[in-house]
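Spelled out, the chains give:
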Amino acid sequence: MSASGPFDTAIVGVGATPYYRRGGSAPQTITELAGKAILAACEDAGLSVRDIDGFAYYSGAGAGYGQSMDTATFMETLGIPEVTFSAALTSGGGGSAGSIGLARAAILAGDATVVVTVMALQQVKQRLGTVFGSVAPSPENSFLQPSGLVGPGHLMSVLARRHMHDYGTRREAFAEIALSSRENALTRPKAIMRTPLTLDDYFNARMIADPLCLFDFCLETEGAVAVLTTSAERARDLRRTPVGVVAAAHGGVREWGRAFAWYGMPDEYFASSGHAPIARRLYAKAGITPDDLDVALIYDHFTPMVLMQLEDYGFCKKGEGGPFVESGAIRYKGGSIPVNTHGGQLSEAYIIGMTHIVEGVEQIRGTAVNQVPDAKLALVTGGPATLPVSGLILGRMQ
Amino acid sequence: MTTLTTTLPPAGIQITTDAATEPFWQAAKENRLVAPRCADCGTFRLPPSPFCPTCQSQNVDWVTLSGRATVFSFSIVNGVPGQPELTLAAVVVDLPDAPGARLVSNVVDTDPAAVRIGTPLTVDFVEIAEGWKLPVFRIDSAAESAPLAGT
Numbered sequence: 016m017s018a019s020g021p022f023d024t025a026i027v028g029v030g031a032t033p034y035y036r037r038g039g040s041a042p043q044t045i046t047e048l049a050g051k052a053i054l055a056a057c058e059d060a061g062l063s064v065r066d067i068d069g070f071a072y073y074s075g076a077g078a079g080y081g082q083s084m085d086t087a088t089f090m091e092t093l094g095i096p097e098v099t100f101s102a103a104l105t106s107g108g109g110g111s112a113g114s115i116g117l118a119r120a121a122i123l124a125g126d127a128t129v130v131v132t133v134m135a136l137q138q139v140k141q142r143l144g145t146v147f148g149s150v151a152p153s154p155e156n157s158f159l160q161p162s163g164l165v166g167p168g169h170l171m172s173v174l175a176r177r178h179m180h181d182y183g184t185r186r187e188a189f190a191e192i193a194l195s196s197r198e199n200a201l202t203r204p205k206a207i208m209r210t211p212l213t214l215d216d217y218f219n220a221r222m223i224a225d226p227l228c229l230f231d232f233c234l235e236t237e238g239a240v241a242v243l244t245t246s247a248e249r250a251r252d253l254r255r256t257p258v259g260v261v262a263a264a265h266g267g268v269r270e271w272g273r274a275f276a277w278y279g280m281p282d283e284y285f286a287s288s289g290h291a292p293i294a295r296r297l298y299a300k301a302g303i304t305p306d307d308l309d310v311a312l313i314y315d316h317f318t319p320m321v322l323m324q325l326e327d328y329g330f331c332k333k334g335e336g337g338p339f340v341e342s343g344a345i346r347y348k349g350g351s352i353p354v355n356t357h358g359g360q361l362s363e364a365y366i367i368g369m370t371h372i373v374e375g376v377e378q379i380r381g382t383a384v385n386q387v388p389d390a391k392l393a394l395v396t397g398g399p400a401t402l403p404v405s406g407l408i409l410g411r412m413q
Numbered sequence: 039m040t041t042l043t044t045t046l047p048p049a050g051i052q053i054t055t056d057a058a059t060e061p062f063w064q065a066a067k068e069n070r071l072v073a074p075r076c077a078d079c080g081t082f083r084l085p086p087s088p089f090c091p092t093c094q095s096q097n098v099d100w101v102t103l104s105g106r107a108t109v110f111s112f113s114i115v116n117g118v119p120g121q122p123e124l125t126l127a128a129v130v131v132d133l134p135d136a137p138g139a140r141l142v143s144n145v146v147d148t149d150p151a152a153v154r155i156g157t158p159l160t161v162d163f164v165e166i167a168e169g170w171k172l173p174v175f176r177i178d179s180a181a182e183s184a185p186l187a188g189t
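Going down the list, the protein sequences come from chains A and B. The working numbering puts the first residue of the first sequence at 16, with every later residue one more than the last. The working numbering puts the first residue of the second sequence at 39, with every later residue one more than the last.
These are calculated hints, taken from the structure and not from any lab test. We treat Cβ as the ideally placed atom computed from N, Cα and C, and that holds for glycine. Hints are supplied without guarantee of correctness; some may be wrong.
Restraint ranges, calculated between C-beta atoms of paired labels, are given here [claimed, not checked]:
1) K333(A) <-> A181(B): 27 to 33 Å
2) D78(B) <-> K333(A): 32 to 38 Å
3) T210(A) <-> G120(B): 25 to 31 Å
4) T88(A) <-> G80(B): 50 to 56 Å
5) P61(B) <-> T210(A): 50 to 56 Å
6) S83(A) <-> A77(B): 37 to 43 Å
The whole structure should be built from the sequences, with the hints applied where relevant.
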């Protein structure tokens, strides 16, 4: 262990564009949005963009669906002289938190020294909410697409239904996740949704894919976020309080597999988030238990998946997520484990998991808008989806 | 008046096939619901894929199923882009004579409130684009009233 503490790598800079409603980021392009986020992260860290020598993406370096990011393009326009690592986790938003683990792996292998993780998202060409209704059918999704489950929320509503059946989970629990997130967003200058949400609003909302209503779905927003990771040793010399990468893990088990693109999960996995194996590995690597965490930034594309992650990460027992959240346990004010203090993707902005990493960094730095007092350990998760799913624990450097 | 459930507009439903999935769709054209069973270890798998996940064999017997199914879980989809008036009962079904394999489909021509986890179904086929047929399901009222029916 180095003198900088039990961490080998650290996040040293975060940067973001403003967040926009769907269509609002035009005429900027994906490259421009991502470039602005990267430059902002460099400014935050006190690094030059020329110091970047690694790119660690997720979602196959895709920028949402149908667009992509490219390392050479970034080098060309941002003036990055040489890259020694450029790789991406496979699949989609499940890898968001794990991309920091990919950055860490590059640094520990000696393949790069300053690694950027970036996501940019626009939804003009294709909105994410109904993405699966518009893609050309492959032989594989010919077994899914004709059903009319046209978007990820529609697909996950089937898991939510099973959870309600198996465990008696109520819509009130999903509502509480939406309401708690909204309350946290009210104080956030950058949040898209800054008007209070009531239980009446929730129960009067359109049932898009019953049992899920409008407020169970995350926002369809645009923008970009970048995160810089470097060695713990180098981190000590930079501008901001470094945030240690305590543990990172990605992957998952076959029983989860393609998840709601497949629906072949055995009963005990079906109404879950697929994160239980990630949780086990994270806690083992970090040498901690859920009780040690001060704040949880849980990927919230859809409210029931937050509930199922809370179970898989051991904040409550399997099947008890409903009563757990209904008790107020995830509230910033008065909760036992504040969840998505930034308002999450439900109420702040959806940048495919990156806002959760930013909030984790700010909580550990002690600079969050909704700061959890003396937060020492933060959990960040990637989206329950086709494997890999992922998780990240951030902590204070010694 | 209750809106009965449908499929997406059938003429707009497209599928594609590959070597592993083609027999499933060819059988559907003949109003037969089939599933691939590993010829070596007997494991069913859906969607059809090149290998048996249990023993990695590529040998397959295509078994014609009874067409009976039960609802494992479901969602009631209220409108899709361009078709706001549609009500779909999208279901994930267990197939009692292909244990371990599931299909994603629709329950058609029913009050959506009649669809429950455990509801017994029976297969039907709907003609879709390019001459293919899609397996869909109807509530099996005979099985539903039978004494052994249940979840």
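Structure-based check of all given hints:
K333(A) and A181(B) have their C-beta atoms about 32 Å apart, which keeps the hinted 27 to 33 Å range intact. For D78(B) and K333(A), the hinted distance range of 32 to 38 Å is satisfied, since their beta carbons lie about 35 Å from each other. Range check, T210(A) to G120(B): Cβ separation about 30 Å, and the 25 to 31 Å hint holds. In this structure the supplied range 50 to 56 Å holds for T88(A) paired with G80(B), their Cβ-Cβ distance being about 51 Å.
Look at P61(B) against T210(A): about 54 Å separates their beta carbons, and that is inside 50 to 56 Å. Distance hint for S83(A) and A77(B): a CB-CB separation of about 41 Å, consistent with the stated range 37 to 43 Å.
Of the hints listed earlier, there is not a single one the structure fails to meet.
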